[in-house]
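Residues per chain are reported as follows:
2 protein chains.
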Amino acid sequence: MTNPLSHLCIHTMTTKPWSLAQAIDGYAKAGVEGITVWRQHLAPAGAKAAGAMLRESGLKVVSLCRGGFFPALTRADRRKALDDNRAAIDEAAEIDAPLIVLVCGAVPGLDLAEARKQIVEGIAAVLPHAEEAGVKLSIEPLHPMYADARSAVNTLEEANNMVDSLASPSVGVTVDVYHVWWDPHLEREIHRAGRSILSFHICDWRTPTRDMLNDRVLMGEGCIPIRRIRSWVEQAGFRGFREVEIFSDERWAQDQARFVEDIKRAYVEHS
Amino acid sequence: MTNPLSHLCIHTMTTKPWSLAQAIDGYAKAGVEGITVWRQHLAPAGAKAAGAMLRESGLKVVSLCRGGFFPALTRADRRKALDDNRAAIDEAAEIDAPLIVLVCGAVPGLDLAEARKQIVEGIAAVLPHAEEAGVKLSIEPLHPMYADARSAVNTLEEANNMVDSLASPSVGVTVDVYHVWWDPHLEREIHRAGRSILSFHICDWRTPTRDMLNDRVLMGEGCIPIRRIRSWVEQAGFRGFREVEIFSDERWAQDQARFVEDIKRAYVEHS
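Just so you know, the protein sequences line up as chains A and B, in that order.
Offset between the first sequence (1-based) and my numbering: plus 518.
Offset between the second sequence (1-based) and my numbering: plus 518.
Possibly wrong hints are sitting among the right ones.
One copy or two, either will do: identical chains are not told apart, so a pair holds if it fits within one copy or between any two.
Unchecked claim - Derived SDA-like pairs (lysine to any residue); straight-line CA-CA distance at most 20 Å:
(1) Lys547 x Ala651
(2) Lys566 x Ser683
(3) Lys635 x His703
(4) Lys566 x Arg728
(5) Lys635 x Lys782
(6) Lys578 x Lys598
(7) Lys578 x Leu600
(8) Lys635 x Ala563
(9) Lys635 x Arg746
Note that these hints are calculated values from the structure, not bench results.
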């Protein structure tokens, strides 16, 4: 019998109140196989110590979140973003994360087409560093409601175009159901992405959503056809983890160990 | 010298606290040429009396908001939606509104592709009634953040596809900068829409947006390139009103006559 929790990964941001040590302990005890580490959870211990803890735990590090935020209004700020992405690549290598998820960035008032150009240039600039470190860079299209200040890459089509233009096996895409579920071209673009799909994030969309950032819900509690999107991703050749990434003020106020149990149930029943 | 307020239209929902009579009076005094009437502002007086008031005022009625909401989980509810749209068409005719804006509808848990199919069928079903009444039906793509419960039509491309498949001079599209500004295919789809652009709505996107429904801001207070989008719409052949449609709890709490003065300034300076 297959383990029903096989391929389950949880983002440390999903259990935001937990330190990295608590998350490692909590996930391992709950039988979760994979962990995606957010940089703010790495920071207190540092990447080196965190890497040792993670290797010790037996958890599989699925990815590091997050790099990106390339566009800026000044050259100095664009350079700073490149330095920060190179630092993230080093951290990913320290914790054996095979990839970094890129939230590509946007700046209110900066033309979106210009922002997209700066994103491609930014990825190209840090790509040699990533290739040398053996870390892949994964472009995550973000929901259009984040086009003002978080990402100018708002459809999988746009992300695929960037992967095409960067033409490196070290660059791919992340499909997060929360960001892309509404897109009439989603199936087509998932098939187009094919093997360049490097990771797959799940959660659900609440109706009504009360907060644009921190009101995601568990799989099955919203309107996203998660199983259908998963089937497209798997038809495209993806065989990796299903990563549970839920930002929720409501859930963060609860007991996190019980939340992990709820995640396990929702994972089995609705993903 | 051209009147700098030429082609300014305000939606009654923009000054939501005002009754229709107050809006008519306030707009006329302020030198606003056009009015788009929301059905909730028609309801108290009824369409017949409202039509008389509007004709008396000299304001040009630009459109009636809103029809749509075609998809439903049961046949009975779909039929009810058709009846309601036919009633809206009759109201539009009563007040000399040349078109009805369609917020096409979506139902949480109803597959988006199925919802889109029901939308096209719904428009087709009420189209003869609209043609007979001399009222056009304008499909307004809504921002993808409303794909769960308000509209399964979330890009201008999708709206254009529907216009193509309905193939009637009485069906067109509404371009609202708030809903479409993020779209990388916006320029292409505006040119594709061409003369089927029946109306053009303006406002701006606040960063950060604190409420998904009622936190729109005045032109110039956000990040939308309104003038660029306007230039595309005009290149496509559109010569109609620029309709100010702002839902804002903050603004609705203020003096509405002063708000109208702010709208006039923003219209001249940023649209």
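Here's how the hints hold up against the structure:
1. Lys547 x Ala651: neither (31 Å within a copy, 68 Å between copies)
2. Lys566 x Ser683: Neither way: Lys566 and Ser683 sit 34 Å apart in one copy and 59 Å across, limit 20 Å.
3. Lys635 x His703: between (22 Å within a copy, 15 Å between copies)
4. Lys566 x Arg728: neither (38 Å within a copy, 38 Å between copies)
5. Lys635 x Lys782: neither (40 Å within a copy, 35 Å between copies)
6. Lys578 x Lys598: neither (31 Å within a copy, 53 Å between copies)
7. Lys578 x Leu600: neither (27 Å within a copy, 54 Å between copies)
8. Lys635 x Ala563: neither (35 Å within a copy, 53 Å between copies)
9. Lys635 x Arg746: between (32 Å within a copy, 19 Å between copies)
Comparing the model with each earlier hint shows violations of hints 1, 2, 4, 5, 6, 7 and 8; every other hint is respected.
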